[in-house]
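Kindly produce the complete structure, drawing on both the sequences and the hints.
Numbering (this note's numbering), first residue to last: 1 to 185.
Note that these hints are calculated values from the structure, not bench results.
Where hints are given, some of them may not hold.
Simulated pairs of lysine to aspartate or glutamate, EDC-like, Cα-Cα distance not exceeding 20 Å [said to hold, decoys possible]: (1) 72 <-> 183; (2) 72 <-> 159; (3) 72 <-> 114; (4) 72 <-> 58; (5) 72 <-> 182.
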Amino acid sequence: MKPIVLVSLVFAAGATALAAGVYVRDRLDPPAPELITVKQTQTDRSQRGQRPAFWLPDLQGVRRSISEWDGKLVVLNFWATWCPPCLHEIPMFTALQTRYGERGVQFLGVAIDDAEQVSAFAERVGLNYPTLHGQLDAIEVMSAYGNEAGGLPFTVVIDRQGNVVARHAGVLEEDTATALIEELL
1 MKPIVLVSLV
11 FAAGATALAA
21 GVYVRDRLDP
31 PAPELITVKQ
41 TQTDRSQRGQ
51 RPAFWLPDLQ
61 GVRRSISEWD
71 GKLVVLNFWA
81 TWCPPCLHEI
91 PMFTALQTRY
101 GERGVQFLGV
111 AIDDAEQVSA
121 FAERVGLNYP
131 TLHGQLDAIE
141 VMSAYGNEAG
151 GLPFTVVIDR
161 QGNVVARHAG
171 VLEEDTATAL
181 IEELL
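Now the structure itself:
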């Protein structure tokens, strides 16, 4: 057999094996949907309704339900450690939790991230509100709450009766957050 034919056969076999490996990997472990960082902000109050139920693990690995916070005004924030606009909001959310917590307001984070990264970040910045986490399951929850585009950060306000009263795509500024909270207290 000529050397060029042998080299061609080896190359073809290698390329076929590589393609088959990529195909099998993507079937067994499909890539996560692409998330985007929202640069423009917008608050939507038009689509109200009962909040969707969900369960996600907290940073200690305990599965928690959104229903645990029924009867409170919940500010549900979807974020990630790799999202700079998300990280910009967190000190403000921590301050607002301190200011409004005794009045029945509960901030609740849902990190679309790995538990170890979220735990390290939470400890470093002193998060004072519960944080849940997940990957595809957290993205599905975010979609159920109206963020089908997958942009971060994304914040949802849920009244004491469990109704979604506002959705905010992008960075939620303190004056907007305070106005939403004060209006519902």
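Hints versus structure:
For a cut-off of 20 Å, the pair hint linking residue 72 to residue 183 stands: about 14 Å separates their Cα positions. For a cut-off of 20 Å, the pair hint linking residue 72 to residue 159 stands: about 7 Å separates their Cα positions. A distance of roughly 27 Å separates the Cα atoms of residue 72 and residue 114; the hinted pair therefore is violated under the 20 Å criterion. This hinted pair checks out: residue 72 and residue 58 have alpha carbons roughly 19 Å apart, not beyond 20 Å.
Among the hinted pairs, residue 72 with residue 182 is consistent with the structure: their alpha-carbon atoms are about 13 Å apart, no more than 20 Å.
Of the numbered hints given earlier, the model fails hint 3 alone.
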